[in-house]
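So the sequence lines, in the order shown, correspond to chains S and U.
Going by this note's numbering, the first sequence opens with residue 1, and the numbers climb by one from there.
Going by this note's numbering, the second sequence opens with residue 405, and the numbers climb by one from there.
I should point out that these hints are in silico values taken from the structure, not numbers from a laboratory.
No false leads were slipped in.
Computed, partial: chain U to chain S, Cβ under 7 Å:
| id | residue |
| --- | --- |
| 1 | 530 |
| 2 | 533 |
| 3 | 680 |
| 4 | 740 |
| 5 | 741 |
| 6 | 744 |
| 7 | 751 |
Derived Cβ-Cβ restraints for the label pairs, each shown as a range:
| id | chain 1 | residue 1 | chain 2 | residue 2 | range |
| --- | --- | --- | --- | --- | --- |
| 8 | U | 689 | S | 331 | 21 to 27 Å |
| 9 | S | 36 | U | 666 | 36 to 42 Å |
| 10 | U | 633 | S | 88 | 50 to 56 Å |
| 11 | U | 633 | S | 21 | 53 to 59 Å |
| 12 | S | 198 | U | 677 | 41 to 47 Å |
| 13 | S | 222 | U | 520 | 55 to 61 Å |
| 14 | S | 30 | U | 747 | 28 to 34 Å |
| 15 | S | 205 | U | 687 | 35 to 41 Å |
| 16 | S | 185 | U | 674 | 21 to 27 Å |
Model, not experiment: these values are computed from the prediction.
The beta-carbon is built from N, C-alpha and C at its ideal position, and this holds for glycine as well.
Here are the chains, one letter per residue:
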Amino acid sequence: MNLDFSPEDLAFRDEVRAFIAENYPAGLRDKQEEGEEMAKEDFLSWHRTLAKKGWVAPAWPEKYGGPGWTSVQRYIWSEETARADCVPILPFGINMVGPVIYTFGTPEQKERFLPPTLSGDIWWSQGYSEPGAGSDLASLKTKAERFTGDDGKEYYLVNGQKTWTTLAQHGDWIFCLVRTDPTAKIQEGISFLLIDMKSPGVTVRPIITLGGEHEVNEVWLENVKVPVENRIFDENKGWTCAKFLLAHERSGIAGVARSKRGIERIRQIAAVELSDDGDALIKDPMFKRKVAELEIDLTALEYTELRTLAGEAAGKGPGPESSVLKIKGTEIQQRITELVLEAAGHYGAPYFRGFPKDGDNAHPIGPDFAHRAAPTYFNVRKTSIYGGSNEIQRNIIAKMVLGL
Amino acid sequence: MDFNFTEEQSMVRDTVASFLQDKYDFETRRKIVASESGWRADYWKAFAEELGILGASFSEELGGLGGGAIDNMIIMEEFGKALVIEPYLGSVVIGGGFMKHSGYAGAASVIEGIVGGTTTIAFAYAEPQGRYTWQDLKTTAKKDGSGWVLNGHKAVVVGAPFASHLIVTARTGGAQRDAGGVGVFLIDKSLPGVVTRDYPTVDGNRASEVYFENVSVPADALISEDGLGLVNQVIDEATAAVGAEAVGVLRKLHEGTLDYAKQRKQFGTSIANFQVLQHRMVDMFIEVEQSVSMIYMATIKVDESAEERAKAVSAMKVRIGRACKFVGQNAIQIHGGMGMTDELAIGHYFKRASLIEGLFGSVDHHLKRYEFLSFDAAA
Ligand SMILES: Cc1cc2nc3c(=O)[nH]c(=O)nc-3n(C[C@H](O)[C@H](O)[C@H](O)COP(=O)(O)OP(=O)(O)OC[C@H]3O[C@@H](n4cnc5c(N)ncnc54)[C@H](O)[C@@H]3O)c2cc1C
Ligand SMILES: Cc1cc2nc3c(=O)[nH]c(=O)nc-3n(C[C@H](O)[C@H](O)[C@H](O)COP(=O)(O)OP(=O)(O)OC[C@H]3O[C@@H](n4cnc5c(N)ncnc54)[C@H](O)[C@@H]3O)c2cc1C
Numbered sequence: 001m002n003l004d005f006s007p008e009d010l011a012f013r014d015e016v017r018a019f020i021a022e023n024y025p026a027g028l029r030d031k032q033e034e035g036e037e038m039a040k041e042d043f044l045s046w047h048r049t050l051a052k053k054g055w056v057a058p059a060w061p062e063k064y065g066g067p068g069w070t071s072v073q074r075y076i077w078s079e080e081t082a083r084a085d086c087v088p089i090l091p092f093g094i095n096m097v098g099p100v101i102y103t104f105g106t107p108e109q110k111e112r113f114l115p116p117t118l119s120g121d122i123w124w125s126q127g128y129s130e131p132g133a134g135s136d137l138a139s140l141k142t143k144a145e146r147f148t149g150d151d152g153k154e155y156y157l158v159n160g161q162k163t164w165t166t167l168a169q170h171g172d173w174i175f176c177l178v179r180t181d182p183t184a185k186i187q188e189g190i191s192f193l194l195i196d197m198k199s200p201g202v203t204v205r206p207i208i209t210l211g212g213e214h215e216v217n218e219v220w221l222e223n224v225k226v227p228v229e230n231r232i233f234d235e236n237k238g239w240t241c242a243k244f245l246l247a248h249e250r251s252g253i254a255g256v257a258r259s260k261r262g263i264e265r266i267r268q269i270a271a272v273e274l275s276d277d278g279d280a281l282i283k284d285p286m287f288k289r290k291v292a293e294l295e296i297d298l299t300a301l302e303y304t305e306l307r308t309l310a311g312e313a314a315g316k317g318p319g320p321e322s323s324v325l326k327i328k329g330t331e332i333q334q335r336i337t338e339l340v341l342e343a344a345g346h347y348g349a350p351y352f353r354g355f356p357k358d359g360d361n362a363h364p365i366g367p368d369f370a371h372r373a374a375p376t377y378f379n380v381r382k383t384s385i386y387g388g389s390n391e392i393q394r395n396i397i398a399k400m401v402l403g404l
Numbered sequence: 405m406d407f408n409f410t411e412e413q414s415m416v417r418d419t420v421a422s423f424l425q426d427k428y429d430f431e432t433r434r435k436i437v438a439s440e441s442g443w444r445a446d447y448w449k450a451f452a453e454e455l456g457i458l459g460a461s462f463s464e465e466l467g468g469l470g471g472g473a474i475d476n477m478i479i480m481e482e483f484g485k486a487l488v489i490e491p492y493l494g495s496v497v498i499g500g501g502f503m504k505h506s507g508y509a510g511a512a513s514v515i516e517g518i519v520g521g522t523t524t525i526a527f528a529y530a531e532p533q534g535r536y537t538w539q540d541l542k543t544t545a546k547k548d549g550s551g552w553v554l555n556g557h558k559a560v561v562v563g564a565p566f567a568s569h570l571i572v573t574a575r576t577g578g579a580q581r582d583a584g585g586v587g588v589f590l591i592d593k594s595l596p597g598v599v600t601r602d603y604p605t606v607d608g609n610r611a612s613e614v615y616f617e618n619v620s621v622p623a624d625a626l627i628s629e630d631g632l633g634l635v636n637q638v639i640d641e642a643t644a645a646v647g648a649e650a651v652g653v654l655r656k657l658h659e660g661t662l663d664y665a666k667q668r669k670q671f672g673t674s675i676a677n678f679q680v681l682q683h684r685m686v687d688m689f690i691e692v693e694q695s696v697s698m699i700y701m702a703t704i705k706v707d708e709s710a711e712e713r714a715k716a717v718s719a720m721k722v723r724i725g726r727a728c729k730f731v732g733q734n735a736i737q738i739h740g741g742m743g744m745t746d747e748l749a750i751g752h753y754f755k756r757a758s759l760i761e762g763l764f765g766s767v768d769h770h771l772k773r774y775e776f777l778s779f780d781a782a783a
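Can you build the whole structure from these sequences, using the hints too?
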C-alpha cells in the first residue's frame, strides 16, 4: 500500500496547475463560484481550450484523442479543476456517447463523430428517459420503423417523446434509445440512434425546475427521418450500448473533488457569517460538528474512490461498486447545499433569479453567496434522482454485489 | 383529556377550508404569486368581512370572536395546506399578539383595524448581523422631544410590501446585544424616511429590506421601551403559528406523495408496491403525526409561564424543522423527475417547508435554546 504521489505525478500536478492558472478565464471562475447559470458559450470556451491542448477527454484511449493519462493523473486532473472552480466538461459527449462510439461504432462513425465531439463542435444531448420510462428505462416507447426513402437509402421513421433532456436547448445531436422491434422482449428490441436535432420533426420544449432554472427539456420526435447509418451497433442490440454507457455515466459521479471545494467554501463562508452568539459561525459547536462530519464522510468516500481507481488501474472495469460512489457522493453534495442554506440564515429567503443585472435596485441583498443558496439546495435534489436514482443504485448493489 | 375542537373552532376550520378549496387552488395561487402586487387584497377583505376569521383569535372585548392560540393554529394549518400568501401571520398573530400582551394604549383601535382587514402589519425584527438573536440590534431609537427618531436596517421583512404598518424593534438603550433596552414601535409604513426595497422570496412570498433614515415617530408609536420579554413571547406565538402552517404543508407533502406513488407505474407496477418506498412513506407519516402532536403541545402551552412556553415552542420547532426536511426531501425523491418541476405543486410545498425550517430559528437554534432552558437555566 502506498498512497504517495510519485515525483512524476507531482510534476504533472504542477503542470496542470500552471495550465489552469494561465488559461482558465477568471470571469468564469466567479460565475461558477457564485453558482450562477452558465451560458452555452461558458461551457464551450473551456471545452475548446482543453480540446486544443488535448486534455478534454482524460479517459479516452490515445488513438481516439485521449491524453493517455494514468488513472492517478486523471484523479489529479479532476482534483485540480475542482480546486480552481473550473466549469465541468459536460458528460454527454465526452463521458457517455464518445466511449459508446469508439467501442461499438464503425470506422466511418468514429471518423465522423469523434473529432467534433472532442472539439466541442457537437453539443450532445442524452435521449434516454421518457414520460413513462424513468427508472424502468427498458419500457421506453419511442418507435423507429425502417423504410426505404425516395433516394433508395434506408431510414428509420422515429416517433415518440423524450423527457428530462439536460441542456437540449443547446443541442446539436441527441443519442436516443428507440424501439425497433415492438414484438421482442423489452430489452431486446431497442436500438441506439444518433439523431441530428436540426432534422424536421424535432421539437424541444423547456421544463422549468424548482430553483427557476431552464436546465431540462422535453424533446418531441414526430416523423423524424434518421438514416440507418446513424445507428450504433446492431439493430435491436442497443441495450448493450445503453448499459455500457450507464456504467460510464456513474463513474466520476461521486464528485469528490468538487465536494472538497464545496466544504472549503462552507468554511470560508462560516468564517465570515455570524452565529447566534455573535461569533463566527464556524465556531458554533453545532455547525462545526456538521462540517466535521461532512469532511469525515467525504474522506471515506474519497478513499473508496481511490480503491476503485486502483482496481481500474489493475484492469478491473467500473463495476457495480460505482453505485456506492453514486449514492454517497450525491448525499454529500446534497448535505453541502443544506449547510450553505443554513449559513445564509434570513438571507436564504430572497429570490433574485431573473432580476436584471444592472439598475439601482437590481443587486441581490445580503451576503454574496446567499441568494443562490436556496435555489441550489432545491436544484441539487436532482442528484439522487438522475443517473439511476439512489433507490435503483441500492437495488443494483443488493442484486449484483450482495447476491440478494 | 380532550384534543377536540369546540364547535366554533370547527366552524372556523370548515369556513376557511371551503373558501380556500374554492378560491385558492394551486393555479390561482400561482397567478397570485406572479402578479404585480403579489397578494389578493380582495381575498384579505373577504377574510375580514365574509369569513370573519381575522377576528377569530381575539377576545370579544377586543372586538374578536373570543378565541386564541388554538384558532390561530387552525387557521394557519389550513393556510399551509393551500400555501396562502396573505399576511395572517404578520397582521393577526404578530401584530395582534403585540396588541394583546403589551397594554399598549392604542391597542383597541389597532385591533379593530386588524380584524377589519384595514390594518396590515409586518414585523421588522431581524437584522443582517443578528441571525436568530432577537436582541442583537443595531437599529436605534433616540428620544427626540416627546417622540423618537429611528435609524437602522431590517433584513427580510416578510409581508412588508403588503403592510400598512410595521412593528419595529430598536435599541432604546444598552449595547448591541443587551437584553435590556429593546424598544418596540408600531409605525405607519408611509412615514418619511422609511425606505423599502421589495423583492420576492423563494417560496413565492414578498419581503423587503427596510431602512430607517432619521424617521421621526410620535410618542404614541412606542409599544414598549424595554420589551425583550414581550418580543420573545410574540415570536414564540408566531413560531407556534408557523409550526401549525408547517403541519398543513407536511400533510399535503405526504398525501401528494401517497397519491403519486399509487398512480406512477414503473416495472409494470405502481411504485407504491416497492417496500423501500412504503417504509419511507410510513416514516413520513410518523413524522407528520409527531408534528401534529408537537403543535398541539406547543399551542396548549403558549399561554403558560415564559419558560414553559419557550421550552415547548423550541421542542416543537426542532421536531417540526426535522420533519420539514425529511418529509420534504422524500416527497421530491419519491416523485422522481416530476418532483423537480415548477409545474407540480409538490415542489412548492417543499420550498415552503424548507423556508419554515429556518424561520424564527433553525433546528440548531431551538435545540440550543431547549438545552439551555432544561439544563443550564435550571441549574
Ligand atoms: C435534473 C434532471 C436531469 C436529467 N437529465 C437527463 C438527461 O439528460 N437525459 C435523460 O435521458 N434523462 C435525464 N434525467 C432523467 C432521469 O434519469 C430520471 O429522472 C430517473 O431515471 C428517474 O426516473 P423518473 O424521474 O421517471 O422517476 P421514477 O422512475 O418514476 O421513480 C420515482 C421514484 O420511485 C423510485 N423507484 C422506482 N423504481 C424503483 C424500484 N424498483 N425500487 C425502489 N424504488 C424505485 C425512484 O427511486 C424514485 O424515488 C434527468 C432527470 C433530472 C431530474
Ligand atoms: C427478547 C425477546 C422476547 C420475546 N418474547 C416473546 C414472548 O414472550 N412470546 C412470544 O410468543 N414471542 C416472543 N418473542 C418472539 C418475537 O415475537 C419474534 O422474535 C418476532 O415476532 C420476530 O420473529 P423472528 O424472531 O422469527 O424473526 P423473523 O420473522 O425471522 O424476522 C427476521 C427479520 O426479517 C424482518 N422481516 C420479516 N418479515 C418481513 C416482511 N414481510 N417485510 C420486511 N421485513 C420482514 C423482520 O423485521 C426481522 O428484521 C420474543 C423475542 C425476543 C427477541
